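Colleague: Sequence:
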Amino acid sequence: MPGARPATYAASMPATPPFTPPPVSAWGTTWRLTVAVLTGFVLLGFALESLPPESEGLILLDLAAGVVCLVLMLFRRRAPLAVALLATLIGSVSAFSAGAVVVILISLATRRRWLRELLPVAVVWVAAGFVYDRVYVPSQPVPWWATTLVAGFFFVLCVAIGFYIGGQRELLASLEQRAMTAEREQAARVDQARTAERGRIAREMHDVLAHRISLVAMHSGGLVYRDDLTREQTVETAEVIRDNAQLALAELREVLGVLRDGDPGAPPERPQPTLAALPELIDEARAAGNPVTCTLTLTSRGASEGDLGALPESTSRSAYRILQEALTNARKHAPGLPVRLEIGGRPGERLVLSARNPVPLAPNATSGPPPGVGLAGLSERAKLAGGELTTAVDRGHFAVQAWLPWPA
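Residue 57 in the numbering used here is what sits at position 16 of the sequence shown, and the numbering runs on without skipping anything.
Keep in mind that a hint or two might mislead.
Said to hold, decoys possible - Quick list of simulated restraints, FRET-style, between CB atoms:
(1) E97 with I206: 49 to 59 Å
(2) S66 with G208: 13 to 23 Å
(3) L213 with T431: 48 to 58 Å
(4) L264 with K424: 38 to 48 Å
(5) R387 with R267: 29 to 39 Å
Worth flagging that the hints you see were computed from the coordinates, not collected in a lab. Since we're looking at a predicted model, the values are computed, not measured. Where is the CB? At the ideal position from N, CA and C, for every residue including glycine.
Let the hints inform the model, and build the full structure from the sequences given.
Modeller: Here's what the structure looks like:
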């Protein structure tokens, strides 16, 4: 259904938490009470001028009601509507409570809820204004419209102040929430980048070192299990082991160079190998005991068939790593068996790679280290390059098939 997706999406989104005003500090409570008391005494002084001399009881009632409203101020956050209604009713017979009632009304208005909270208080506020006029101005009746106008003016003024304060609080809270969200997103992006970089470095280290170390393992295993070698053959094998170990160490240093901070004075890193170095790679595989044949059917405008230099550098580099891992895999699991490489393609289509070697009848226990994750890593490399890599056993042969995009 068309509406199912938005509904599911909305249900999956986290609910926005209701805005919670910041807690009132001890200093905030103190200065609010002080302002309410001073305002109450000033208004009580004006009210006493219109009262007859025998109004001591009303004055005591006024002061008591004002104290009650001052106490209610301390609970305005716990029950905002109830406290506002009660304080407004009490304020109808108390001039001393006016400051406390104003603070309570402003606090209620910061919540910005017209119908549920401010409208009921507005009705009680206007009614309280009529009662106040009858109590404190009995000899000079005030027209109802004047009472309504004055009460409405002060109510709107208090509500406007409360709306402004509430809006500022919500704005600050929204900015803080956005800052926290942006900080979390930035931290997540940094972690994701670090994870991707670790994975890239791990793949690069495997691609660089697995080939060399497998050669070292192969030749050192031969020294252990063969006792018919002459001194010259032993020295030659040891030199191969030494050379590959040194090359592995040099390549390891190059890969680890990406982990250090950039140094302007540092020498430039050696370019990563491409298919232009394929002949050397094949020679190394043959020297390790695997007969390798390679068929090239590359066609490119302005280049002869089989010209490896016509490939884009990134494609050529990825292709080299795939063939290098295929030869390393054959050397570890099918030592001494022939390997057939096929490379074909043309610009605007794709570069196709194939490596096939017979599957040995019985596993060779001395062929080298246990299986790793090289082919799986190369499959991911091929996907990142926009291609695909698959492996399968086909008619007694282990086959590595891959293709990479070849832009026109």
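Colleague: May I ask which of the numbered hints given earlier this structure violates, with the numbers listed in increasing order?
Modeller: Hints 1, 5 not satisfied by this model.
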